[in-house]
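Construct the complete structure from the given sequences, taking the supplied hints into account.
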Amino acid sequence: MRGVLRAAVLGLSLASAAIGCSGGSGGGDSIVVGHVASMTGDTATFGRSADQGMRMAIEEINAKGGVLGKKLDLVTEDDRSVTEEARTAAQKLLQRDRVIALLGEVASSRSLAAGPEAERAKVPMISPGSTNPKVTEGKEYVFRACFIDPFQGAVMARFAAQELHAKRLAILFDFKQDYSVGLAEFFRETVKKDGGEIVADERYTSGDIEFRAQLTTIRAANPDAIFVPGYYTELGLIAKQARELGITVPLLGGDGWDSEKTLEIGGSAVEGYYFSTHYAADSTDPRVQEFVKRFGEKYGGTPDAMAALGYDTARILADALTRAGSTEGPKLRDAIAATQNFEGVTGKITIDEHHNARKDAVVLKIEGGKFRFYRNVSAE
Amino acid sequence: MENLLQQLLNGVTWGSIYALIALGYTMVYGVLRLINFAHGEVYMIGAMSGFYVARALGLGVEPSLLGLIGVLVASMAICGVLGATIERVAYRPLRGAGRLAPLITAIGVSLFLQNAGQLVFGADPKFFPPLLRASEVFRAGHVAITNIQLTVLVTALLLMGALEFIVQRTRFGRAMRAVAYDAPAAALMGVPVDRVISGTFVLGSVLAAAAGILVGLSNPKIDPLMGLMPGLKAFVAAVLGGIGSVPGAMVGGLLLGVIETLVTGYLSSTYRDAIAFVILVVILLYRPTGLFGAPQTEKV
Amino acid sequence: MNPTRLAQVGVALAVLAGLHWLVPLGLNAYYVTILSRIGIAVVAAVSLQLVNGFTGQFSIGHAGFMALGAYSSAAFSVYLGAGLLDAAGDAGLARLLYFPLPLVCGGLVAAAAGLVVAVPALRLRGDYLAIATLGAGEIIRIAILNVDAVGGARGFSLAAADHPLIDLRFDSLAGVYGVAALTVLAIARLVYSGGGLAFRAVREDEVAAESLGIPTTRVKVEAFLVASFFAGVAGALFAHSEGYIHTNSFSFVRSFELVAFVVLGGLGSLSGAILAAATLTAAPELLRGLGEWRMVLYAVLLIATMILRPQGLLGQRELLHFGRKHGAPRSE
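Protein chains in written order, with the working numbering: chain A, 1 to 380; chain B, 1001 to 1300; chain C, 2001 to 2332.
Simulated from the structure, these hints should not be mistaken for laboratory data. Backbone N, C-alpha and C fix where the C-beta goes; we use that ideal spot for every residue, glycine too. Among the hints, a few may not be true.
Unchecked claim - In silico DSSO-like cross-links for lysine-lysine, where the CA-CA straight-line distance does not exceed 30 angstroms:
| no. | chain 1 | residue 1 | chain 2 | residue 2 |
| --- | --- | --- | --- | --- |
| 1 | B | Lys1126 | A | Lys365 |
| 2 | A | Lys370 | A | Lys293 |
| 3 | A | Lys370 | A | Lys348 |
| 4 | A | Lys298 | B | Lys1126 |
| 5 | B | Lys1126 | A | Lys370 |
To be verified - Derived coverage of chain A by chain C (criterion: at least 3 residues anywhere in the stretch with Cβ under 8 angstroms from a Cβ of chain C; other residues may be distant):
| no. | region |
| --- | --- |
| 6 | 87-98 |
| 7 | 103-117 |
| 8 | 177-188 |
The structure is reproduced here in structure tokens:
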């Protein structure tokens, strides 16, 4: 009776599943690596830049013969900048494409969503740019190639105090993103520890377009600087509306600002603002310049931090594969964990015991409609 | 105090957008007793079409008032046609089929426009070209108003005034009111009901398009899903003011904008979206006919 | 129990056993996930059918109850369940016995909310009710978004910090389909019983029903309660099979999807809702590249159905007669 109905439903699905079941990973001559990325949606430049960096790295590696005698094949799955989609994307890559490693995501919320899938599948995952500490906390298979927010928050807090002599700070953070919440938290802690004052603490949600209410409240508190640890999409609008409201104090941010869209959306409104990030395209380091040049030749334009991080992450993976001598999860994981002094374009990368990278940060200033290197902050 | 004034200003400006959209809901409900769920998407198409028209005309590099007006008119025309088409294709076949079927269809049209929009326009947000260069127009102490905010307010008020004129002082307006009051009687009196209904949709869509352009001007980020929340909130505004009442929609919209802004500024922005729905539920429970609506009895 | 009944139960148990052990051997995890999602969609759709299809009350905020079920059951498992399972040594039997607890918890919380929403909202009619339920669904979602203990805006992972070795996920197909079958049975018995005629009476003509002595408000509230309970159960199943939940999965888009299942299957047909839920959940997942078109398809289908065939696929008919005496009209 009801069994019949259930059997019918099952039969239907099983039949279609069987038909579609011919999926699976690639053949024996390539090593399939997955990339969970926000190729479309609100923070699309992050995913696209990281993907570009990774592909360039992989092309270079394949041109030299690949890894373990095989070519690397990158399969990218778009999560549309939506948190739960990152999980689905990771699942698809792990189960449908049988990738041996997962690269991504840039946004911390999305890495947090995808991470457990990698853990469950016992496949290593390296995030190129997620800075929230929770991404790697308690995980065996998740790593990151960048610094973490306790460091980044402190960088900007100290910058505000020492460089801008700002004692009264306001914060406007994105309540929906782990990255922003975490970064704001660490900033707050450091400011308080160093004797500064948080005069306004407002929040918004990613996707918001109207910030005048919060900005008016912030303006009334008369801060010396405003910390906006969010992503570039909202930042552009916030900057414009802040100027319209007559706010002249500088806005400060983190690596979430690192995208050409900040300049595009913000236009003249973001002039004179500062933010911390992973690398400066106008650095004098010959390795960076070489990278910038090759990137420009391949894709046109200047690589942003995510592109550089994507590039380094892919190369770290390749290096680890070579050292591990195998694509097996546990062996690859151990090899990644043992990465020491890897020469990347975003600095010298050593993976510590928490699966994070100890790296320097740079502070960039927006001047003349461009990002300009301002200061280096060492990891010590 | 200055803070409060600035917040009120912010709220009224934002609320006028809601008001423009709410008018479309209220007018359509008045003549058809239908909640046109797809209306929020018409607003989105207004913004999107404005974006593409501006791009096609090469505007945005240099701010231009004429360009703004051109974009406004073009987008209003496009949405007017869209509104009439939706009515013709999706709602007219269901005239007289009860309340449920049109409601479901309306939801379907809304979903269709959102998702087709994502496919056609791409899911990435687009940034409206700056058709006006932002500059402070007036400042009294800490209370500032920019030319953009002023433009939004003035345009919205002008359009609302024009609508009020049409509704109260023209034959078409009289026909609309007749159909809203008693459609069969109006038909018997020779009022071309079908055309009036089409016209109502056109009017509402034109206003929604204007709202889309104004938002593009003051909050330049637009994307295919931008109509969802504002659509729902504008609907709440219409209910708040009294669904079916034109002045009600205007007041409802402004009121909602102010309440939202005050809540965000003084409490927390996390409740911003919830406020509208709480208002909705409260109104529906305690005064379903809204601020300006007349109590209705149900005939058995 | 008579022999036929025994045989039926036996078949059912055999099918469940097969689902639990055999199917995962043959299919890879991705497809098992899809089957799981189908089962959950069926539970949700059938629960909504009770309110929308059988009682004629237009509720379009159903995802809010799913959300409550998902989050409360997840919180239960994370904060209480992990400890319980740990104490019981995480044995197979302990897991089996534990399994219904978070589901019931989720269902009860959702039902409580259903009561709170229903009592005031059901005083409204037609579109006003629809909007009120939409508003309620959104309020619930935004309220959950603000609760930090369940992750707030960043989502909630079914991982107990104090008991990291306990895997709180229950991704057994047998579990999902067992619950689905029970749900369908329960609702069928409710609706196709003597007392269940009241639901359909309220749907057909509320004023007439009231004048015949049927306590229409109570009937409506009852429908709402039962429906939200099972929506909560669906949500709980969802939470425990996904292992990570975010309020974005319970937005009004999800509510509209459920409405689509119910309408396209036929308002008033359990089999219709089941078929629609199963097909519409499975199709886009399996036809790769249809991903973006899925919602466009839903929308077009909805519109076309309402215009061309408003009774949906099965109208009010059922594929199986769930109760002879008061059953759905078969062929009259």
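Hint by hint, here is what the structure shows:
1. Our distance criterion of 30 angstroms between C-alpha atoms is met by Lys1126 (chain B) and Lys365 (chain A), whose separation comes to about 25 angstroms.
2. For the hint linking Lys370 (chain A) to Lys293 (chain A), the alpha-carbon distance of about 17 angstroms falls within 30 angstroms, and the restraint holds.
3. With a C-alpha separation of about 26 angstroms, the suggested pair Lys370 (chain A) and Lys348 (chain A) falls inside the 30 angstroms cut-off, and the hint holds.
4. Taken as a hint, the Lys298 (chain A) and Lys1126 (chain B) pair is honoured in the structure, with Cα atoms around 26 angstroms apart against an allowance of 30 angstroms.
5. Between Lys1126 (chain B) and Lys370 (chain A) the alpha-carbon distance is near 21 angstroms, which keeps this suggested pair within the 30 angstroms criterion.
6. Requiring three or more residues with a Cβ within less than 8 angstroms of a Cβ of chain C, the coverage given for the region 87-98 of chain A holds, as 5 such residues are present.
7. For the region 103-117 of chain A, the stated coverage by chain C is satisfied: 4 residues place a CB nearer than 8 angstroms to a CB of that chain, which reaches the threshold of 3.
8. Counting residues of the region 177-188 of chain A whose CB lies closer than 8 angstroms to any CB of chain C gives 3, so the stated coverage by that chain holds, three being the minimum.
The structure fails none of the hints (numbered hints given earlier).
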